[in-house]
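K.L.:
Sequence:
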Amino acid sequence: MYALVDAVAFYASAEKVFDPAIRSKPVVVLTNNDGCICAVCPIARKLAIPKFQPYFQVKKILEDNQVVIRSSNYELYADLSERMMNVIGRFCDNQHIYSIDESFLNFTGFTSFVHDWHSYGHDIRRTVWRETKLPVGVGFGPTATLAKAANHAAKKLPGFDGVAVIDSEPSRLAILKAMDVQDVWGVGRRLAKKLKAININTAFDLAEQEPRKMKRLFSIVLERTVNELRGKSCLAWDEVRQDKKEIFSTRSFGERITDATALKTALINHGTIVARKLRTQGSQTKRLLLFVASSPHQDDYYKKSYIYEFSVATADSCVFANAISEIFKHLYKPGVQFYKCGVGALELSSQMFQQPDLFQAPIDNPKLMQCLDNINARYGVGTLAIASQTPTTRWHMKREYLSPHYTTRWHNLPKIHC
DNA sequence: TCTGGGGTCCTAGGACCC
DNA sequence: TCTGGGGTCCTAGGACCC
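Sequential numbering of the first sequence, starting at 90, is according to the numbering used here.
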């Protein structure tokens, strides 16, 4: 048995934790640079506020409905996420954190301890709410995809109050029949449209299809989804928490950039983020992709990318920084209004099996990186950084509606007035 | 006045080679 | 005379998720 536990409109709910005054109001959260709407609380959802619309396009609707607007406060969400995950982790010793607000629990070998999945689910909900003031939904199912479906039912379908269980044929059918095919994990907007064209409208309709036929008509991915919906596990636990095959760090700037040094610094910053993520996963890379681009929404769209090949795989921030400095001249073009840039590690391999070059001195220094990671783990990311990533103030994100960092900065601690 | 997220994986099609 | 295979690698763009 699997469970999927996730927060209801996580970012919006997180904004309400330390600001009770907005708990009963409609709240939306914007993406980086206040670009798009990325979280809509249940109250705002009733006003039909669309998700992932550019903010400036829906500004009027928000104003008309007196919706509370917040910029992304990632520092706050990361901290609240960690608290939430810790609480959830107490309910199962085999937890996989799938995203900032979702975790899978695997109850294999643990099922005899739980007699009533419904009440266990409510137990999780109550405890998370009591300890973090975050609302979560809980779905149980025999496969990861069915747990996802149950989770969807728990939060969105009538007749459920935050918990749903698929543990029998009737419960599976009831939920899948009430679920739009578009809401199935792995079926997006495009695929849903094609499926509906051949009269596959609900999750149940999809589950009834011949898996092989779906593979032939669409893809191997959809075949897997159909099998999962039928109760046949195709995403093994190992695969659910498989190592990433590529790791990126990209960001758009708050304001356009033309300055070479600022752009280079931004790239090196992304490089160190990618390097850190690689080390966390125990991976290293042979190929680093760098790209810079102007706005695709404007004329004279400029985009340039470059792949740097290391002689041996590495996850060393300093090596990345040197590589970026070296090839930066191939990317930069004077006069271009840069809008976005990023770094990605491709072709990852495990640090366990580093293949050194027989005729060359090592290019990196894993011990130094370990030391850097240890210090930053203890005193906070950014405490120790390489000199070339020193941030310039030229490309700060636009965050007009930022809430305080309630839990991570002393001077932002919430105050209670008596 | 102008504004448009970030991350990961997959696939089709082109280039190149034998 | 004319036709024309199959594998690998690379890349851009598509699709999906949150």
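Careful, some of the hints might be misleading.
[Said to hold, decoys possible] No farther apart than 20 Å at their CA atoms in a straight line, the calculated lysine-lysine pairs in the PhoX-like style are these:
| # | residue 1 | residue 2 |
| --- | --- | --- |
| 1 | Lys393 | Lys366 |
| 2 | Lys429 | Lys487 |
| 3 | Lys149 | Lys135 |
| 4 | Lys393 | Lys422 |
| 5 | Lys266 | Lys334 |
| 6 | Lys429 | Lys392 |
| 7 | Lys456 | Lys422 |
| 8 | Lys422 | Lys392 |
| 9 | Lys282 | Lys266 |
| 10 | Lys429 | Lys418 |
| 11 | Lys504 | Lys222 |
| 12 | Lys321 | Lys333 |
| 13 | Lys392 | Lys366 |
| 14 | Lys135 | Lys148 |
| 15 | Lys302 | Lys285 |
| 16 | Lys375 | Lys334 |
| 17 | Lys304 | Lys366 |
| 18 | Lys140 | Lys304 |
| 19 | Lys283 | Lys266 |
| 20 | Lys429 | Lys456 |
| 21 | Lys304 | Lys283 |
| 22 | Lys245 | Lys135 |
| 23 | Lys304 | Lys334 |
| 24 | Lys333 | Lys302 |
| 25 | Lys114 | Lys148 |
| 26 | Lys321 | Lys302 |
| 27 | Lys282 | Lys140 |
[What the hints assert, rightly or not] Quick list of the computed label-pair ranges, beta carbon to beta carbon:
| # | residue 1 | residue 2 | range |
| --- | --- | --- | --- |
| 28 | Lys334 | Ser208 | 37 to 47 Å |
| 29 | Tyr391 | Phe199 | 48 to 58 Å |
| 30 | His211 | Pro451 | 49 to 59 Å |
| 31 | Arg467 | Ser257 | 47 to 57 Å |
| 32 | Asn290 | Lys418 | 30 to 40 Å |
| 33 | Lys418 | Ile150 | 44 to 54 Å |
| 34 | Gly277 | Gln146 | 39 to 49 Å |
| 35 | Ala476 | Gly277 | 17 to 27 Å |
Keep in mind that the hints were calculated from the coordinates and are not lab data. The beta-carbon is built from N, C-alpha and C at its ideal position, and this holds for glycine as well.
K.L.:
State for each hint whether it applies.
P.N.:
These are the hints, each one checked on the structure:
Restraint check for lysine 393 and lysine 366: the C-alpha separation of about 24 Å exceeds 20 Å, so the hint is violated. About 14 Å separates the Cα atoms of lysine 429 and lysine 487, which keeps this hinted pair within 20 Å; it holds. Proximity of lysine 149 to lysine 135 is assessed by CA-CA distance (about 16 Å); at most 20 Å being required, the pair is judged to hold. For the hint pairing lysine 393 with lysine 422, the CA-to-CA distance comes to about 9 Å; that is within 20 Å, so the pair holds.
Annotation: proposed proximity of lysine 266 to lysine 334 is violated, straight-line Cα distance about 35 Å (limit 20 Å). With a CA separation close to 9 Å, the supplied pair lysine 429 and lysine 392 stays within the 20 Å bound. As the CA atoms of lysine 456 and lysine 422 are separated by approximately 37 Å, the hinted pair breaks the 20 Å bound. For a cut-off of 20 Å, the pair hint linking lysine 422 to lysine 392 stands: about 10 Å separates their Cα positions.
For the hint pairing lysine 282 with lysine 266, the CA-to-CA distance comes to about 18 Å; that is within 20 Å, so the pair holds. The hinted pair formed by lysine 429 and lysine 418 meets the criterion: a straight-line CA distance of about 17 Å does not exceed 20 Å. The suggested pairing of lysine 504 with lysine 222 holds, with an alpha-carbon distance near 17 Å, which does not exceed 20 Å. A C-alpha spacing of about 24 Å is found between lysine 321 and lysine 333, which places the hinted pair above 20 Å, so the restraint is violated.
Between lysine 392 and lysine 366 the CA atoms are separated by roughly 25 Å; this puts the pair beyond 20 Å, and the hint is violated. Of the supplied pair hints, the one linking lysine 135 and lysine 148 holds, its CA atoms being roughly 17 Å apart against a limit of 20 Å. A threshold of 20 Å between alpha carbons decides the hint, and for lysine 302 with lysine 285 the separation of about 16 Å falls inside it, so the pair holds. Distance hint between lysine 375 and lysine 334 is fulfilled; the C-alpha atoms sit about 12 Å from each other, no more than 20 Å.
Restraint check: the Cα-Cα separation between lysine 304 and lysine 366 comes to about 34 Å, which exceeds 20 Å; the hinted pair is violated. Annotation: proposed proximity of lysine 140 to lysine 304 is violated, straight-line Cα distance about 31 Å (limit 20 Å). Note on lysine 283 and lysine 266: the hinted pairing holds, with a Cα-Cα distance of about 19 Å set against a maximum of 20 Å. Taking the CA atoms of lysine 429 and lysine 456, the gap is near 33 Å; set against the 20 Å cutoff, the hint is violated.
At most 20 Å may separate the alpha-carbon atoms for a hinted pair to count; lysine 304 and lysine 283 meet this at roughly 14 Å. Taking the CA atoms of lysine 245 and lysine 135, the gap is about 12 Å. The hint holds against a cut of 20 Å. Using a Cα cut-off of 20 Å, the hinted pair lysine 304 and lysine 334 is violated, with the two alpha carbons roughly 23 Å apart. Restraint check for lysine 333 and lysine 302: the C-alpha separation of about 29 Å exceeds 20 Å, so the hint is violated.
Proximity of lysine 114 to lysine 148 is assessed by CA-CA distance (about 17 Å); at most 20 Å being required, the pair is judged to hold. At most 20 Å may separate the alpha-carbon atoms for a hinted pair to count; lysine 321 and lysine 302 meet this at roughly 16 Å. Our distance criterion of 20 Å between C-alpha atoms is met by lysine 282 and lysine 140, whose separation comes to about 19 Å. Hint check: lysine 334 to serine 208, Cβ distance near 39 Å, so the stated range 37 to 47 Å holds.
Here the CB-CB span from tyrosine 391 to phenylalanine 199 is close to 54 Å, well matched to the stated 48 to 58 Å. Hint check: histidine 211 to proline 451, Cβ distance near 54 Å, so the stated range 49 to 59 Å holds. Taken as a hint, the range 47 to 57 Å holds for the pair arginine 467 and serine 257, whose Cβ atoms sit roughly 49 Å apart. Checked against the given bound of 30 to 40 Å, the beta carbons of asparagine 290 and lysine 418, roughly 54 Å apart, lie outside it.
In this structure the hint that lysine 418 and isoleucine 150 lie 44 to 54 Å apart at CB holds, the actual value being about 46 Å. Between glycine 277 and glutamine 146 the CB atoms are about 21 Å apart, so this pair departs from the stated range of 39 to 49 Å. Distance hint check: the CB atoms of alanine 476 and glycine 277 are about 43 Å apart, inconsistent with the given range 17 to 27 Å.
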